[in-house]
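S.K.: Going line by line, the protein sequences match chains A and B.
Under the working numbering, the first residue of the first sequence is numbered 1, with each subsequent residue one higher.
Under the working numbering, the first residue of the second sequence is numbered 695, with each subsequent residue one higher.
Treat the hints with care, as some may be off.
[As the list claims (entries may be wrong)] With a Cα cut of at most 27 Å, we get these calculated DSS-like pairs of lysine-lysine: (1) B/LYS963 with A/LYS581; (2) B/LYS980 with B/LYS724; (3) B/LYS980 with A/LYS581; (4) A/LYS31 with A/LYS165; (5) B/LYS980 with A/LYS608; (6) A/LYS116 with A/LYS31; (7) B/LYS980 with B/LYS748; (8) A/LYS165 with A/LYS399; (9) A/LYS615 with B/LYS980.
Just so you know, the hints here were simulated from the structure itself, not pulled from any lab data.
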Amino acid sequence: MDITPTTLLPLTLMGYVLGCAAGLLFLRHEKLANLCSFGCATLAALCGTVACVMSLTAGPAAAPIQLQLLPTLIPYVQFTVRLDPLSAFFGLIVSLLGFALSLYSLGYARGFYGRKNVGVLGAFFNLLLLATTLVVMADNAFFFLMVWEIMALSAYCLVSFEHEKPETRSAGVLYFVMSHIGTGCIMLGFLLLFQASGRVLGNYGPDAYSFAGFHALTGNVSWLSSGSRDAAFLLFLIGFGVKAGIVPLHTWLPAAHPVAPSNVSAFMSGVLIKTGIYGMTRVFFDFLGTPPMWWGVTVLSIGTISAVLGVLYALMQHDLKRLLAYHSIENIGIILMGFGASLMFLHMNHPLLATLALIAGLYHTINHAVFKGLLFLGAGAVLHATHTRDMEQMGGLAKRMPQTAFFFLVGAVAISALPPLNGFVSEWLTYQSLLQGFGTTDSLLRLMFPIGGALLALTSALAAACFVKAFGITFLAQPRSEAAAQAHEAPLTMLLAQAVLVAACVFLGLFPTVFLQVLDPLTQQLTGLQISQQLTLANGLVLSGVNQNGGTVSTLGITLLGLCLLSIPFVLWLVFARRAKTRIGPTWDCGLKGLTPRMEYTATGFSKPIRMIFKALFRPRREVQREYDFSPYFTTSIRFEAHVEEVFETRIYRPLNRWVLWASRRMRALQAGSLQAYLIYIFITLLLLLLFAL
Amino acid sequence: MKPDLFAILLQTALLLALAPLISGCIRNWKARLQNRRGPRVVQPYFDLIKFLRKDMVISEHASWVFSAAPYVVFITALLVGLMVPMVTTQAPVSLFGGVLAVVGLLALGRFFMALGGLDPASAFGGMGSSREMTIAAIAEPALMLAIFTVAITVGSTDFSHMVAAAQQSGWDLLNPAHLMAFVALFVVLLAETGRIPIDNPATHLELTMIHEAMLLEYSGRYLALMEWGASIKQLVLMAILVNIFLPVGLAADGSAAALGLGLAVFLGKILLLSAAVVLVETVNAKLRLFRVPDLLSAAFVLATMALLSTFIFH
């Protein structure tokens, strides 16, 4: 059997099914369940990665692969999978992360032995991988919605895996509700598309709800000018926005991601929210045709707001996983900034810039998947070792878990958009497209680009501050608790998985010009241009903007030059300091009897200046209670509490919640429990429907 | 456009040699202005040599990050220096990155310096890191927007292109847009180099220090690298300011005469700017920490107005 995407793809899907079955089969043998289910998932995801890479590198001329998974049993429901470049790109993200996470789970799941059922975890994890892979490859709206729902439900089961804790249960329910509001909007959106394509085709058969049918709409003039296209845009923006976690629909995300097992949180933050991005790319760029200006403006504004607010709230967290979850909101915002700019350029008929901005967004999508996955895996390893997510209990882990610390540091540098790693490259592309965009129009709207750029600068500087805190408080200085002092390095599979993602970060950071070639078929599909050659200078060493004078950057060049410059400190050492000795001594303690961990800076203290500067947003509140015997200067005990208000929760969601409860109490009058009344309702509904049909 | 080895070596040497001199000048002039005699202008060189020779004491709590930080700070400062035109119109490695890479590399150095401050488990270091990252975060949008104003007019994020375009168009410093962008960048320069009114480079008093608090546990050659890196960063930021807004006398080719003239003019411009910094430091008092955001947001507003006025005048 030769290795082609056509043969590898069914193998991948079969692997996940097998892994799911194995997990359920060995419910009572946890070791066997762990090995079989996560082993199957690892191999299957590896196959998937190879299949997607092969299909992306096959060149733009290669026809997309189409497969019928199951025979059509029910009319209208066709289980067809299609691997076009866009699907292959997102499939690559799913499979690459799936591979690293399954490998990680082999070691991580051992922590659940004797406490929880590993078989169930493995089964749902495989189901989630299967459903997510199918979501990005489904070829018609029905199949898409089915696997979308399976994905949401299996993710719900995984979030609620440790359901003994009340916090987990409420987070799970919140996720469940929000996710279904989103799905409802997506369904309505697809219905609008279905209606339009049915009208164009003249029949409402299977072609009308296939993705090819939706794509055909882009050529239809009456659809392009119709109001239902704008309605569809808004519905999809909300529907996929809930999944992606845009502000203000993000509240489920920081609740659900931290409470899930770490391998699942990594998958949710790295991949699951990207299905929202996939949906937006598919619909906005492939189905809806040339956008009006306000779409791009909306998306760019939402992106900017999400980026800034996401990182500001992240700074206030001292729960390591919650902090990372808020950063996902920030990064989704950065991705959408690229997309929004791209939509605006498409409207203004600048396909070249639109392609550049789209590439920036897509590049950041895969980058975020890789480094956020990496960071969550690091957080999982820390959780595994210290049994706490609270950063105030950590510290000193760099000496106790050196490999994990190094991997986490790489992830932290990457997510803070610092050169030479991958986060910098995609933000560089975003800046370039924003700055080039200034010249595209004469309207006042062009000011959005530089202001957006400045806010992006604010975002990345705040992200750097946040990750100095996350890394510094967690891994450096003295351990703040007994658990942190006793921490141990994670098992080999967990380290290997992190190493895979570190390698991906370095590759995407140092060799952007190589990776951009992979995006060529994708941009060909979505905007009709291939610009990787145009972005490459000096045999791939240098990455350039769309025109060479606009600016260039070379992460590889910077790295190599930096390594050469290291010879200067070496020469200085040779000349001056060869005889100098190094002593290990105590840190200066102002003459006290040694420093204790209680004197260290805390995570809350670290972010205090930012809390004070943005106090209009955070509305910080603190309570201090002291007890003393004779003088307030000699306190016997002290209790300190600090809170930050989550504006969206207190101002929007709580009132909304109260209103819904109030309305449903009113509605209860309708449900009197009498059969006759219900029959009347049915009769009236029927009558109304008949009248409506007339 | 190709990176030229000779130019790289020359500019590296210039950065290494000139940076301590500028620090020394500022320190000496400031003392004179305050009726003190002050340290010699060349004192920073002696300090660096002394630090390099000394034994090091490293905190028992520190990890490898503490030792990596000085190298990162030093190397990023040099890299940034190579991307900015100083004496010649063409920076040696401008192909490797422009404005965005410069800001990114400075942030990388700062990131590691802040981690180095947290590592020895002292409260001073943590305080310094926290404040440094906060101030950098609010300075960055002003910095970016001010440079964007120039970048947009020129259509490039590359410093060499900006300088070349500025020379060609006969840059007008009195153009209100550029004046405002210049002032905004000057405020950011004060913040980034830890000068009064934002930070006090001469203090070791815990309530006022930011940059020094992070370096408190460093000694010996690590301290030398940190100090040297900081002064190189200062020189580079000053070079950006003078060469973008006052691009006169830069050498267009590699001839000795042009380079000599370029060096002399560059020195003159940098010393002029240093004098301005000295003046600001002397006539101002250090601001309370929570007043600093006001100053920096004023810089941001200035940069926004600069942008708006380019929009209006075009």
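S.K.: Can you name, in rising order, the numbers of the hints this structure does not satisfy?
M.R.: Of the numbered hints, 1, 3, 7 and 8 do not hold.
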